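Participant: Quick one: dock chain against chain with the hints and give me the complex.
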Amino acid sequence: MPESLLFYVLSGLAVGASALVIGQRNPMYSVLLLIVSFAALAGLYIGLDAPFVAMAQMIIYAGAIMVLFLFVVMLLNAPQEDAAEWDRTHPLRRPGIARVGIVLALLFVAELGWALAKVVSLGSPVGGQGDGAVIGSVREMGRVLFTQYSFAFEATSILILVAMVGAVVLARREGDA
Amino acid sequence: MIPLSHYLVVSAILFAIGSAGVFLRKNLITILLSVEIMLNAVNLSFVAFGRSAGTTDGQIITFFVMTVAAAEAAVGLALVIALFRNRESLNPDAFTSLKW
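Chains A and B, in that order, give the protein sequences.
Be aware that the first sequence starts at 3, since it is given in my numbering, and climbs by one per residue.
Be aware that the second sequence starts at 2, since it is given in my numbering, and climbs by one per residue.
Quick caveat, the hints were computed from the structure, so don't treat them as lab data.
Model, not experiment: these values are computed from the prediction.
Incorrect hints may appear among the rest.
Per the computed footprint, the stretches of chain B lying under chain A, defined by three or more beta-carbons under 8 Å from a beta-carbon of chain A, are [claimed, not checked]:
id: 1; region: 8-17
id: 2; region: 32-45
id: 3; region: 65-74
id: 4; region: 83-97
Glycine residues also receive a C-beta, built at the ideal position from the N, C-alpha and C atoms.
With the rest of the complex left out, here is chain B (with noise of 0.2 Å):
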């Protein structure tokens, strides 16, 4: 049997990767790829907990974090190519029309 703890250090790996991957890479499809990581090692605690406490709810809340994923991939991926087709460019950089 594999104690909780090897899981939930699994999944502190893939969070800490994801959020790596935000703040280094300058691709905007590649970070939308960081975020799909981290809400895939939170889901994998979630399983974890729910199999720890003997309980069907963690896998149960791991639906509705993949249900917000697909809602977040579809708007991110839609918001990539409006700026791609404004822009012509995918890094972030290139994106200060904001900046003060």
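The following block holds chain A by itself, in its conformation from the complex (with noise of 0.2 Å):
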């Protein structure tokens, strides 16, 4: 079963990866390791079928977001965080309010593991439903995306638009008129 082996050791790098991510003091160390998340997301994505997301997953998130963040890192000279005291203490003897976060977080994972638990058809495999194929075609999505879906993809334009205005106004200094 070659198939399901590359889905648990892509799924067990980019739970592992993303796990690393949270765990690195150096934010540094993060973005790199969020990348690695992300490509081995990509394959996942090769896996149900669905090439042309997982290019775009690299060349936009690896390509582009990440790289973002590794200038704003590196412009920001990525001071190591400071945490408070308490913070590096064992997280169930933290002060009162944040016991509270952790009992809600632990609520939200019972309640996913619930909800996952409960549904019965989800036992059956990805993949058996339509033309693989046709369904991870760039003609059919482009298709759909221009006809189904084409007000939001307009509204999408405006809102990079107002995106990259609200960028450049936040980050200008004061002064520059």
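Facilitator: See below:
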């Protein structure tokens, strides 16, 4: 079963790299590890008959967004995290309000597991429905994107314009006019 | 063939890691990275659900999520730069001017 072996290797890589992103004190290593996680996810997308999404994942996420993060980390000279004293102690010995957060997080995880266990049809294998070569083809995606989702596509262009103007205004120095 | 539930479990684990990062970390850049992890976890379940339904829609939605992620990263990092310029710190606990 090379296919399922590949799935377990890639998902293990994605989960492990993401966990290390959270575990690092140096933001530089966090960004680089997140690129590893994104590459593993791109491999999972190829297994799901979505090669175009996999390429976009690598080009947009690993290529563009993460480079933007790297620029900012280097620009700000990436100060090490100055954690408070109570922050370095064991998570369960934290004061007051932090414990409520831990309880809520555990509740959230339990809910997720409950929801996953409840749905019966989830045991069916992915990939038996429809023709994978058609679903993943750029032709079919373009057709759906520019007909059924054309309004959302146009709205996206406005979103990007607003984000661009907002980023320029926010990052501008005071008094630069 | 891998069952759909396996993909959803991976997605749930990634989302849990991302939300843990948002709550536990004390660095604005790492918090933004955790948000990216959460968006990617959701992308994975979109693509898996779309494939199991035999439609392209899951992949289309993934593109919109990627666009939103790019916009969020651009604006978020601009905010981080502006905040760092004012306070010389990336610790969210340093920004308490609005705290009552």
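Participant: Indicate, hint by hint, whether the structure satisfies it.
Facilitator: Results for each hint:
| no. | hint | verdict |
| --- | --- | --- |
| 1 | 8-17 | holds (count 9) |
| 2 | 32-45 | holds (count 8) |
| 3 | 65-74 | holds (count 9) |
| 4 | 83-97 | holds (count 7) |
Of the numbered hints given earlier, the model fails none.
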